[in-house]
Amino acid sequence: MTMGLGSETDIAYGLVGVGYTANEAIVGTEQSLSAAYQNLPALMAKENLIATNAYSLWLNDLDASSGSILFGGIDTEKYEGDLSRINIIKDSSSGTYSSFTVYLSSITANSSSGGDSLTSSDLPIPVVLDSGTTLSYLPTDLATQIWDEVGAEYYASLGAAAIPCSMATSTGKFVFGFGGDEGPKISVGMDELVLDIYTSGNNPSFSSGKYKGQEACEFGIQNFSSTPYLLGDTFLRSAYVVYDLVNNQIALAKTDFNATATNVVAFESSGAQIPSATSVANQPTDSATGSSSNSGFGASAGFGDGTSAAPAVPRFEWAQVGVMGAATLFMLVGSGFFLL
Amino acid sequence: MRSVTTLAASSLLASAARAQVVQMDIQRRELAPKDKLRKRFSTYTEVVSNDESLGGYFATVSVGTPSQNLTLQLDTGSSDIWVPSSSASVCETTNSRSSSSSGCSLGSCKYYPPPAGPRPPAASRLQPTDKLSRSRLLLVEHLHGRRRERVQHIVR
Numbered sequence: 306m307t308m309g310l311g312s313e314t315d316i317a318y319g320l321v322g323v324g325y326t327a328n329e330a331i332v333g334t335e336q337s338l339s340a341a342y343q344n345l346p347a348l349m350a351k352e353n354l355i356a357t358n359a360y361s362l363w364l365n366d367l368d369a370s371s372g373s374i375l376f377g378g379i380d381t382e383k384y385e386g387d388l389s390r391i392n393i394i395k396d397s398s399s400g401t402y403s404s405f406t407v408y409l410s411s412i413t414a415n416s417s418s419g420g421d422s423l424t425s426s427d428l429p430i431p432v433v434l435d436s437g438t439t440l441s442y443l444p445t446d447l448a449t450q451i452w453d454e455v456g457a458e459y460y461a462s463l464g465a466a467a468i469p470c471s472m473a474t475s476t477g478k479f480v481f482g483f484g485g486d487e488g489p490k491i492s493v494g495m496d497e498l499v500l501d502i503y504t505s506g507n508n509p510s511f512s513s514g515k516y517k518g519q520e521a522c523e524f525g526i527q528n529f530s531s532t533p534y535l536l537g538d539t540f541l542r543s544a545y546v547v548y549d550l551v552n553n554q555i556a557l558a559k560t561d562f563n564a565t566a567t568n569v570v571a572f573e574s575s576g577a578q579i580p581s582a583t584s585v586a587n588q589p590t591d592s593a594t595g596s597s598s599n600s601g602f603g604a605s606a607g608f609g610d611g612t613s614a615a616p617a618v619p620r621f622e623w624a625q626v627g628v629m630g631a632a633t634l635f636m637l638v639g640s641g642f643f644l645l
Numbered sequence: 112m113r114s115v116t117t118l119a120a121s122s123l124l125a126s127a128a129r130a131q132v133v134q135m136d137i138q139r140r141e142l143a144p145k146d147k148l149r150k151r152f153s154t155y156t157e158v159v160s161n162d163e164s165l166g167g168y169f170a171t172v173s174v175g176t177p178s179q180n181l182t183l184q185l186d187t188g189s190s191d192i193w194v195p196s197s198s199a200s201v202c203e204t205t206n207s208r209s210s211s212s213s214g215c216s217l218g219s220c221k222y223y224p225p226p227a228g229p230r231p232p233a234a235s236r237l238q239p240t241d242k243l244s245r246s247r248l249l250l251v252e253h254l255h256g257r258r259r260e261r262v263q264h265i266v267r
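So the protein lines, in turn, are chains W and X.
The working numbering applies: residue 306 is where the first sequence begins, and numbers increase by one.
The working numbering applies: residue 112 is where the second sequence begins, and numbers increase by one.
Derived from the structure by calculation, the hints contain no laboratory data.
Computed from a predicted model, the values in this text were never measured in an experiment.
Hints are supplied without guarantee of correctness; some may be wrong.
Claimed, not checked - Here are some, though not all, of the chain W residues that point toward chain X, as calculated from beta-carbon distances under 8 Å: (1) L338; (2) G377; (3) G576.
Unchecked claim - Cβ pair distances, simulated, as ranges: (4) X:V158 to W:V570: 37 to 47 Å; (5) X:V158 to W:A577: 39 to 49 Å; (6) X:S153 to W:G464: 26 to 36 Å; (7) W:E520 to X:T176: 29 to 39 Å; (8) W:A461 to X:T176: 41 to 51 Å; (9) W:A566 to X:G175: 52 to 62 Å; (10) W:D387 to X:S153: 34 to 44 Å; (11) W:T474 to X:G175: 22 to 32 Å.
What the hints assert, rightly or not - A few chain X positions that, by computed beta-carbon distances, are all more than 10 Å from chain W: (12) P177; (13) N180; (14) S198.
Glycine residues also receive a C-beta, built at the ideal position from the N, C-alpha and C atoms.
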């Protein structure tokens, strides 16, 4: 087994990278795909420990102490409904499969007060399904729409969007659609998107603004200004994900949180398709073909349900500028400074 | 084809007469039911622990000879296994020899007292066959007060 030794590093733990061999460091260093070696899952398949280079990831929920990775098979007891398989997208610059990038086609905010299908000219977005990233990172346009739905705000002092911790019990959720309209849709609840800032000890409190005095948590969706956009653990926990590195497909289904039963189905041969997974028609082939329209934030009020927080300040809606008087407008810009 | 048969028979007899042996092996091929012959591939499950303070999922693996138990983050976003050298500067600054502080307490990065006798250099302890001279930029998460640093960094 080939592995690397980090003689200079700023993190004190190592990694087990299980991605495409084309993404190995040596390939980048030597600028040559032929420099790639057989990494862990590739070697397992080559040595016939498993039939084919494919594995399934079940992270379970935020409060669970563990999840599992299943090399060479799927476990039908760890997800609900059916697996749908969608295409992995090649890296545009190298023309090879090097990362687990798929098209995120839609994001819908759902709550007791309504459902908003968020629109953006960035959709469909290529996103990497990356277990090595804690949070999820979307284009700023979409991220800010999501923040507006839940009342999260970006704080420069934190370098991240924050939200009252009380929002963890909100009954609202976001549904992520992949691979076009007919592709798999994964629902992510607010309990997966509100994270402690300090995992031991107390979280800081908002020192000013509309949340002054409330315990502050980190929001699970942040913004990036450019690719790669990442769906990290805050998204992946809600999905059962099967990575097929031979057919270059990923299958997704809603995870079965805290499932205790198991039913492992092995891949039967090299190059076998993901078992029990339906294919998806009409998958997108390009990114950023969408358009922006004013979808409104009808679901926003309902995100307060289930929480003990004070009702959210009404959103500043551009569509209503001409209708509402200035006196009833509330600015959204927050500039709280944390007591850290 | 009687003539051919005769020819074949006579040539056999001729060779036997000369005490040469022509051996023809035959093998019995058993046609077993398909199920019995189909290889059953295994699957392998690795449990990964949710470490919220470090913001990721970790697998405990045994590495090297003599073996060391290390806890490594499971990363679908990269493709190499790598471990920090015990001589990496981050280990020197965060390690307090009690091994109870910071990320080094996971066992990925420990101080090893020199064994008696010649000590192999740190790099050869794990006998890597591939030296990383540069790695993919790793995006890790940084928040004030959070143990896990989120900065862009390069692993050398």
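Beta-carbon spacing of V158 (chain X) to A577 (chain W) - inside the hinted bounds 39 to 49 Å or not: violated, 25 Å
Range agreement (Cβ of G464 (chain W) with Cβ of S153 (chain X), hint 26 to 36 Å): violated, 45 Å
D387 (chain W) paired with S153 (chain X), Cβ distance criterion 34 to 44 Å: violated, 25 Å
Outside-interface status for S198 (chain X) - nearest CB in chain W farther than 10 Å: violated, 7 Å
Interface-negative label, N180 (chain X) against chain W, beta-carbon threshold 10 Å: Check passes; 12 Å lies beyond 10 Å.
Interface hint outcome for G377 (chain W) [beta carbon to chain X under 8 Å]: Hint holds; G377 (chain W) Cβ to chain X Cβ min 4 Å, cut 8 Å.
Supplied distance hint 41 to 51 Å, evaluated on CB atoms of A461 (chain W) and T176 (chain X): holds, 49 Å
Residue hint L338 (chain W), partner chain X, criterion CB-CB below 8 Å: violated, 12 Å
Range agreement (Cβ of G175 (chain X) with Cβ of T474 (chain W), hint 22 to 32 Å): Distance hint for T474 (chain W), G175 (chain X) is violated at roughly 46 Å.
Range agreement (Cβ of T176 (chain X) with Cβ of E520 (chain W), hint 29 to 39 Å): violated, 49 Å
Verdict for V158 (chain X), V570 (chain W) (Cβ pair) under range 37 to 47 Å: violated, 19 Å
Cβ distance range 52 to 62 Å for A566 (chain W) and G175 (chain X), holds or violated: violated, 36 Å
The earlier numbered hints that this structure contradicts are 1, 3, 4, 5, 6, 7, 9, 10, 11 and 14.
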